[in-house]
Amino acid sequence: MSDLLGFSNETFTNFAFYSGLVLSKTLIMGPLTSMFRGRNKVFVNPEDVKRFAAPGTALTASDPTVERIRRCHQNDLENVVPFTLIGLLYVSADPDPDRAINIFRIFAASRFLHTASYLLPLPQPSRATCFIVGWGATAAMAFFVIARTTFFK
Amino acid sequence: MSDLLGFSNETFTNFAFYSGLVLSKTLIMGPLTSMFRGRNKVFVNPEDVKRFAAPGTALTASDPTVERIRRCHQNDLENVVPFTLIGLLYVSADPDPDRAINIFRIFAASRFLHTASYLLPLPQPSRATCFIVGWGATAAMAFFVIARTTFFK
Amino acid sequence: MSDLLGFSNETFTNFAFYSGLVLSKTLIMGPLTSMFRGRNKVFVNPEDVKRFAAPGTALTASDPTVERIRRCHQNDLENVVPFTLIGLLYVSADPDPDRAINIFRIFAASRFLHTASYLLPLPQPSRATCFIVGWGATAAMAFFVIARTTFFK
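Protein chains in written order, with the working numbering: chain A, -4 to 148; chain B, -4 to 148; chain C, -4 to 148.
Take these hints with a grain of salt, some might be off.
Said to hold, decoys possible - Computed spacing ranges between beta-carbons, pair by pair: (1) B:P116 <-> C:P118: 35 to 43 Å; (2) A:P120 <-> B:L27: 13 to 21 Å; (3) B:A48 <-> C:A53: 24 to 32 Å.
It should be emphasised that the hints constitute simulated quantities derived from the structure, not laboratory data. Note that beta-carbon positions come from the ideal geometry of N, C-alpha and C, so glycine has one too.
Could you build the full structure based on these sequences and the hints that come with them?
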């Protein structure tokens, strides 16, 4: 039972790998937003215009590409962060390793496909399906954690 | 002192239960937003309109109900996520179990009441009070963690 | 190898200290937003106007100061939260303590300077530099975690 939250536990190692991947993907959205802000000259701060744009560039001009990347980033914050938090509690609840690793894989795949669906974009319901699958993976872990704490303690 | 972050520690079990509850509540805000986007036909992406709305439906029409749910969701991200992160550090700092469990309960109750205050909505200062109580619970844990690392190491 | 995620591990103690600091800084952005909403009378909810403003105050009037604080808060959520999550996995991967503590210090310093750059504001590229340094610290830890799980298991 000891050291469940450590690399000696295969479930934890897999959790670290897949959550490391999806968190890295989330991290990339920030610089991607900045890149498109620079390329499309879409700035929200006067000091950004002063440094990164030609004099006279307008402020807060909304740009569809920038806003799309930001919505995708926000969706990651709303889903990848709860996955990682609930996942840590889930791993510490010592779940069946095979089932746990499958949940991590399904979640990671669904989030990479969600980003592709959002940024290309692919026709709906691609993005909606990816969202629901990833959401279900997290919800299943949350249910397991809550059940573990109330029924088995 | 070992195994503080595991289900053999009653403080951890309670933390897992209450943070599992508030994270689940946060998770529900996403589909709730989607549901009201569908019901009120408020879409921000062209591909969503194409699939989920009648031809000719306008884009990015802002809707008060959808925006209210989104602000409530955002407030959860700003408060429930820091609670869970600081809470993990706090549990690993081996606090007094009774005090810890009370902090978790107060936080969880304040966030469920915050959501009710925001979505019904209840007259202010209901929502402000819930916010401050939950914020105080997290801040108290953060203070304990920082004090533990500097004064007792 | 045991008890990596505990206060007996100096790397963890330092992680708890620095992530406690940056999470506390993030927490402060919420009440700071509320304070400037009250001072500048910028409310998004009808029930807030009813309670906190003179009768007839307009809704959703956007205010540059409030929006600036909110963007700074959002940037924290996008960077401090992934840092803490990846940091926990990183500490559990048993990194070199000196290098790890330096990464935590660099990240914490970069985020405090980022907030100062954003709120004063300082001329660019101050804020951009702080963002990149903090981002790099988190990315380095993420790389270490993923490498640890695939190459050494």
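Against the structure, the hints come out as follows:
no.	hint	result
1	B:P116 <-> C:P118: 35 to 43 Å	holds (41 Å)
2	A:P120 <-> B:L27: 13 to 21 Å	holds (18 Å)
3	B:A48 <-> C:A53: 24 to 32 Å	holds (31 Å)
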